[in-house]
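Chains as they are written, first to last, in our numbering: chain A, 1 to 422; chain B, 423 to 1032.
Chain B regions said to be covered by chain A (calculated; three or more residues, Cβ under 8 Å): (1) 426-432; (2) 445-458; (3) 462-472; (4) 621-633.
Computed list of lysine-lysine pairs in DSS-like fashion (alpha-carbon distance at most 25 Å, straight line): (5) A/Lys301 / A/Lys42; (6) B/Lys637 / A/Lys42; (7) A/Lys301 / B/Lys457; (8) B/Lys459 / B/Lys470; (9) B/Lys730 / B/Lys826; (10) B/Lys430 / A/Lys139; (11) A/Lys105 / A/Lys262; (12) B/Lys914 / B/Lys826; (13) A/Lys301 / B/Lys626; (14) B/Lys669 / B/Lys1008; (15) B/Lys974 / B/Lys902; (16) A/Lys301 / B/Lys470; (17) A/Lys301 / B/Lys459; (18) A/Lys42 / B/Lys644.
Simulated from the structure, these hints should not be mistaken for laboratory data. Backbone N, C-alpha and C define an ideal beta-carbon position, used for all residues, glycine too.
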Amino acid sequence: MANRNNEGVLQNIDWVLVTLYLVMVTMGWFNIYAAVYNEEYKNIFDTTQSYGMQLVWILTSLFIAFVILVIDGEFFPRFAWPVYGAFVLLLIAVIFVGAEVKGSKSWIGVGAFRVQPAEFAKFATNLALAKFLSNINIKIEKLSTKLIASALFAVPALIIILQNETGSALVYAAFVLVLFREGLSGNILIFGVAMVILFILALLVDETILSIILFCIAAASFIFVRLKLSNLVITGSILLASLAFIHSVDYAFVNILEPHQKKRINVLLGKEVDPKGAGYNVNQSMIAIGSGGLIGKGYLKGTQTKYNYVPEQSTDFIFCTVGEEWGFVGSVVVLGLFVVLLLRIIYLAERQRSTFSRIYGYGLASIIFVHIAINIGMTIGLAPVVGIPLPFFSYGGSSLWSFTILTFIFVRLDAYRFQILR
Amino acid sequence: MNLFSDRKYVISTIFITLVVLYLIRLFYIQVINDKYKLAADDNALRHKIEYPERGVIYDRNGKILVYNEAAYDLMVIPKRVKTIDTLDLCNMLQITKEAFIQKLTKLKKQKFSSFRPEVFEGEISLETYATLQEKLYKFPGFFVQARTLRKYPMRIAPHALGYVGEVDEKLISSNPYYRMGDNMGLSGVEKAYEIPLRGQRGVKIVMVDVYNREKGSFEGGKYDTASVLGRSLTSSIDADLQAYGEKLMQNKVGAIVAIEPSSGEILSMVSAPTYDPNLLVGRNKKKNYPKMALDTLKPLYNRATMAKYPPGSTFKLVNALIGLHEGVINENTLFSCSRGFHFGGLTVGCHPHASPVNLKFSITTSCNSYYCNTFKNILQKYPKTAIGFNVWRNHVMSFGLGQKFPTDLPQESSGNVPTVKYYDKYHGSGRWNAITVISLAIGQGEMGVTPLQMANFCSVIANRGWFYPPHVIKEVDGGKIDSNLRTKHYTKIEREYFDMVVDGMRNVITNGTGRIAQLDSLEICGKTGTAQNPHGKDHSIFIAFAPMDKPKIAIAVYVENAGFGATWAAPIASLMMEKYLRREVKRPEMETRIFEANLLPKKEDWISKK
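Given these sequences and hints, build the entire structure.
So, in structure tokens, the structure goes:
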């Protein structure tokens, strides 16, 4: 192999992944132009408008990508801890010195620009988790390993919650998938799904009735499966845990959640209809997407997004422009591109010789996946409205830079894979 | 190492599954469900209605009877109203600050979007509009919208022209063209010619943004429809004659209808008391309509087409023609009259005059006995009264009596020509005969005729046997009117009999009861009538046409509670004919007498009657 050195990094990078990145970023740019299209400012390069600014973000992102590619591949595992430590400290600092935007204190000003450290903490966390789990002496089966690994992403998530950015914090749940890939019991996923189902049921069904139903299910499974004492203990404890969970959900819902959060959840569950209030965003977003039809209204012809019926249309609700102007065909293309991207990342991750690179790859895929799931889910009424961007598409420097860094560190690690011996 | 490598499949499956679920959901809302497309149109498209100007109505000589005048409404979009100098605006509108606040709060509270423009103050005056226009920039949320109102420059013919008003909910639900707040013709010509007059409303689809700001036309105006201007109408009414007739009828109750016999065109249609049609326009209507509706003299009621009056002696002409046709009399048949018609114990009285009486003299002197005999003979010509009666009735109907014309006047009464069935029910079948219903011979009893029908049968006589349905519109935008109005209707009676009767009518003017209507060389033919009125003084009736051989005008005049036909109705008819045929009236004494006469029922009369 001739290209096993830094000079050959451009030959060794995965151009499929880079091409996907470039295609999506370009599509994002054009859709932002359509979303905030204004007859008076037709120039797509006009930096007084958000599409002009997005081009600035794209160009700076490409510069960042280039810088990452010329950094030595060894740099990332080596500096994983200092980078993680620095970002955790920065996140804490933001709580005290950050600027408040729309009720959340997650921005810091650097000159004329404002950046959101929570966005960048994702790649730092990903690096740290990969570093930790790739240690030769680590056994995932050990409780201490599980706890430390979980703490690595739980800590930044908690700090972000303190910044009042619950949506961004939710993304950190993505790392559970990474742990699963590295050997965590599959029960954790079943457990997670069960939690979600119970959570929804707890809000929809009366607590007493739900408790009785759960008891019946437990009794039935105990009787019909195997009448063994050990099974009784297991079933019993699961039942007790479930009952405690649904009770705490009810308690948490009534006493802990903010009124606007309760409302959003109720609207999502269909318990409340409020097209002018909490349900407004979702309702308008579904109207925009739904009115696109099979092939869409045509580029720059979407009335709903162009005339501001959908709020946050260039950032969190950018998918509405896709749905309205490009129709179902556009939805298929965009979601299809994302699937190809995710599967390509998994493919690349699996071919790494270095555990660090593989774990980092899975972390990248999982973060992108959770963003897609929540972002597109909320635009079509399947997920609660939490403000997180659609990777590569949404307007915003912090988001685009963050995903560029996340992605290109992986591209760099992948290009470096032949220099790893084990 | 890579111990759990198979888990890449689990994770890939999770990724793919979620995306597939999302695509199913997207397919449902984008392709299958139409709800969102409708909601999107509802959001972003506004159907702006463009109202064309309503058609103008001209009189037969090209004078404008109705046109449109701009009116200005002060509109408000409640949500856009910001802190303003309320006092300044209130002063301009001449309302109190309290009223202003109350009005605005009410508009803000309604269930519709507060972004929708609402009328804040309707029909502001031109002066207010001018001052307001300059200061409008100071009052965000307020703007002025122009629309049009009907204007009647000559203030005449309200009953024929009718009025325009807002559509009611019942009509909106049955006719999809109209929407809340639309205007339409509610009576008269405005109602009959609503469709050509209103034109075609245009719709412009504009896109609006979330703040209801217009963003240009939808798809380059592909779905817009242009508005079509209302068509202008030419009325057959002669505005000068109409105005003159209304002046003659001032302080009287009754009606005048004048028809051009050769065409059926109504030259004038006066219903007294009348009113200024401008009183029923826009906000005036709200103020005046209730007052006029409660007026005991019923100014809104179109007596010319709706009032059923007994035709009195004018009806003798019809009976003479039927008698001649049926052969029960001829030109020389004589009947004696000794102060009336006597049969058994029954007497129909008559005024003193020479006897016996032939046809011509019977018309000249309006002999009751002659017509009782004639009528009796018509009915007795047939073996059964009922058969004879039906023959008689069919003839009567052929003069356009007892039925509605296929006319362009929406409010019309059919009058009444009694039927066999009616008398059978009243007296018992076979228990009545010519004598029982003898009052029909002299146009009394159950006979009910509208002034329009009376003018029309006069027109039939003038034409010697035919008529066109009377109508007030002669051209629609220069084009022809409905073919029903251009279809001749004939009686079965021979022309020579008409000539005999016309001869008698001419004699009425030269030597008979209608001498007062004489006008130098003009060959006027007429017939007086005095209808007995159980409620009070007799009604004064006169029908006439002129000139005798080439009739240009046929007229019926009815003055309620005024006495003899010759006293009031005849001079009014004569003046009308002079005005129409000579364009100038040269009998100032007669004119003044009529203008100054006040024949309105006295207040106490009305009260005692109730």
